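Peer 1: Chain residues, written in single-letter form:
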Amino acid sequence: MSENGFSLPLIHNTVGIMTPFLLAATGGLFTELTGMLNIALEGLMLIGAFFSVVFAAATGSLFLGILLGIISSMLVALLFGSISLYLKANIFISGLATNLLAAGLTVVLSFQLFGSKGVIRFENISKLPELRIPFLQKVPLLGDLLIGHNILVYLSWLCIILAAVVIYRTPFGLRIRGTGLSSPTITSLGLSPTGYRLKAILISGFTCGLAGAVLTLNLGAFVPNITSGRGWIALVVIYLGNKTPLGIVIASFVFGFAESISNYAQGAINIPADFILAFPYMITVSAMILYSVWRHYREYGK
Amino acid sequence: MNGITRLYAENDVLANNNVDFEVLENEIHAVVGENGAGKTTLMKILYGLERADSGNIVFKGKEVSIHSPLDAGRLGIGMVHQHFCLIPEFTIAENVVLGIEPLKRKFFFDSERAVKNVREVNEQYGFQIDPALRVSQLTVGQMQLVEIIKILYRKADLLIFDEPTSVLTEQQINRLFSTLRKLIKIGKTIIIITHKLNEVKEISDRVTVMRKGRVVAVKKTAEIDERELSRLMVGKRVIFQFERDPMPPGGVVIELKDVTLREKGQERPLLDKVNMQIHSGEIVGVAGVGGNGLGELEDVISGLREVSGGVILHNAEDITRLSSLSLRERGLAYVPQDRLFRGSSLQSTVSENMIISNHHLFLKGGVFKKKEVQAFTDELTQHFSIDGDTKALIATLSGGNIQKVILARELATRSDFFVFSEPSWGLDVACSEFIYSKILEIRKQGVAVLLISSNLDEIQGLADTIVVMYRGRVVCSFPNTRDLSRELIGEYMLGLRDDYQKIS
Chain A
1 MSENGFSLPL IHNTVGIMTP FLLAATGGLF TELTGMLNIA LEGLMLIGAF
51 FSVVFAAATG SLFLGILLGI ISSMLVALLF GSISLYLKAN IFISGLATNL
101 LAAGLTVVLS FQLFGSKGVI RFENISKLPE LRIPFLQKVP LLGDLLIGHN
151 ILVYLSWLCI ILAAVVIYRT PFGLRIRGTG LSSPTITSLG LSPTGYRLKA
201 ILISGFTCGL AGAVLTLNLG AFVPNITSGR GWIALVVIYL GNKTPLGIVI
251 ASFVFGFAES ISNYAQGAIN IPADFILAFP YMITVSAMIL YSVWRHYREY
301 GK
Chain B
1 MNGITRLYAE NDVLANNNVD FEVLENEIHA VVGENGAGKT TLMKILYGLE
51 RADSGNIVFK GKEVSIHSPL DAGRLGIGMV HQHFCLIPEF TIAENVVLGI
101 EPLKRKFFFD SERAVKNVRE VNEQYGFQID PALRVSQLTV GQMQLVEIIK
151 ILYRKADLLI FDEPTSVLTE QQINRLFSTL RKLIKIGKTI IIITHKLNEV
201 KEISDRVTVM RKGRVVAVKK TAEIDERELS RLMVGKRVIF QFERDPMPPG
251 GVVIELKDVT LREKGQERPL LDKVNMQIHS GEIVGVAGVG GNGLGELEDV
301 ISGLREVSGG VILHNAEDIT RLSSLSLRER GLAYVPQDRL FRGSSLQSTV
351 SENMIISNHH LFLKGGVFKK KEVQAFTDEL TQHFSIDGDT KALIATLSGG
401 NIQKVILARE LATRSDFFVF SEPSWGLDVA CSEFIYSKIL EIRKQGVAVL
451 LISSNLDEIQ GLADTIVVMY RGRVVCSFPN TRDLSRELIG EYMLGLRDDY
501 QKIS
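Heads up: the sequence lines are chains A and B, in that order.
For the first sequence, position 141 (counting from the first letter as 1) is numbered 141 according to the working numbering, and the numbering increases by one without interruption.
For the second sequence, position 499 (counting from the first letter as 1) is numbered 499 according to the working numbering, and the numbering increases by one without interruption.
These are computed hints drawn from the structure, not numbers from a lab.
In this text the structure is predicted, and so the values were computed from the model without any measurement.
You may find that some hints are simply not true.
Just so you have them, the derived chain A footprint on chain B, three or more residues with Cβ under 8 Å [claimed, not checked]:
id	stretch
1	65-78
2	81-90
3	205-214
All residues carry an ideal CB built from backbone N, CA and C; glycine is no exception.
Isolated chain A, as found in the complex:
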């Protein structure tokens, strides 16, 4: 089908690899729209990653693993949200604390439970089921790229579609956006901006838990700091995506592509590995710079 031997698998990979970015950014979009800089995405994702694989191994069920991973991440999100919103801690500091807590907690628990601070393999975990959804295969041109991914990939698509509907088509979404745009207005109507912010944080806990599960269940193992900055990149994805669902899909794809090039290049091209591994992050930095330059010109350029 493709005359170019490497591009099609590369893009097919990208669609899979972008999933954690997409999920974390989906939840992060909610917190962003309520006017909060949610840097805890990284930590929430790590919590989800650890607990989903641990519970999946313990229960022998992928479904329960994912579910409990999500619940753990949401509990930590609840803690983070309560401290920021009700105890009025600076959200940047409490977000940072959440990330440090997640990094520490996962390592401590893995040492306590499995006696290792390093990579922990779980042999008894079955692979995530791959789906071939017939109607997606019929999509012209893209058909082959859209099929054959694991179930969580499709779930992430469902999440972003659902998010778009909730944000633009429901009263809840209207109020979420209103909270970020003018919280005094929300207050003057007798609604609670704090309530919407907490709900947004819980949503981010949900999607980050799922994002974490994608990372570990794909591997069947937990690696300390397996998220390696993906939560931060998700934050960048939200801004690059101009805080819209479609924009987030595109931006996630860009970063997913960068990562899959980096994966591909490790085996194929003779460049130092460190440089190749740094590629997604270099893309992040340059994308951020280009984005802010573009914003600047759009706003003041005339």
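For this one, chain A is given, so just place chain B on it according to the hints.
Peer 2: Just chain B now, with coordinates in the frame of chain A:
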């Protein structure tokens, strides 16, 4: 059924002092008073944004408790705030229905029905505005209309307007008033807070006059003329008895020539060709009601806002475009109205606030000489009898003590020109008098003083020359003598007279 909307709010703090207030159904009731008379507080209590310490509210014959705007909304009370509560990025329809959105299939926001509902409200009341427009595209007058639609959509019967005309142009005011009349015709009740007396006469049926947190009069508008209203508003008060030794007029220190300030989108300039001279050893008191250019004059003269036209001279040199730093270096001292944000740094200690403008005097190799800072701070604290720990954050001090810290700092600089804006606002008598005595002291030293204040007592007690501003213009300028009547100044302040002939 008995047809009476009756309110009774009682409050021991100064804002509202044992206030009885009554609105009859289907009338336009004006609440007038100077700034700080307690009008807005009273209305916020009625709307549930603030709580009364004591007293009760009776609405349609029943005693009610209003804890939040939601309670007020349920009772049918709506309020249009002075500053609009709208989300510019949303459409009119979205703004109107926010909080009580129409649903389709129990879950989705029905934006078509929202537009339709708002259109129905528009038809019902004869408004002409497209609900699908974004609020950011609207004029100020239209935004206000959206606020009105918002409360009508919530089926309010009692509508409160907090200084609705302050941001509007002449035409928009006329349109607003015809809207208000329309609302009365269909049985609504309206309370309008204002301090513009011509508007009271034009629109209201009855008027409640407030002064210093108390109701001083309730009258039928038809039975009272603007002069009487102005007298009630301003009141007869004891003028502070200060010894103002006659001073031989010194040279001109500051001169304003045709100073004009325009803002985008405003037809009327905020400052309209203001001319003023301040001599050495002279206190020029600028009086006026809020929103007539006093704050703008303060901003312009302290170098915080650039003028659109005209010149400001300091000792005959042009200082119009100088930054506030260079103004200070030239000898401007400034006690701003906003003492919490502009006058002090709340996150810094008392002592840091005291040295903030001349900290370079205390430096040695880039590091503060701690002992000297302490000595300086202690001296000021003692001299100005400031009550509080100098190492504590200034935010922990009372308003009066914060003002003293600012005053102490400003007085410690060598200056020949002093700007005071509302120096005693919110302070108790003892503290105010202390500040007044300091103002008179620097006058004796030959400093030129500009005193901007909406408090007539202060102006009449201290100033050598009284200047009144109305709508950004200087409408009169008198030497302050004992027989200058308060009523006369009051009439100029409220725009009732424009017969002043400029003496130049």
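Peer 1: Now tell me, hint by hint, if it's right for this structure.
Peer 2: Do the hints match the structure? See the list:
1. Check on the stretch 65-78 of chain B: 4 of its residues sit with their Cβ under 8 Å from a Cβ of chain A, so the three-residue criterion for coverage holds.
2. A count of 7 residues in the stretch 81-90 of chain B with a Cβ less than 8 Å from any Cβ of chain A is obtained; the coverage claim is therefore met, three being the minimum.
3. As drawn, the stretch 205-214 of chain B meets chain A at 0 residues by the rule of a beta-carbon pair under 8 Å; below three, the given contact is violated.
In summary, the one numbered hint that this structure violates is 3.
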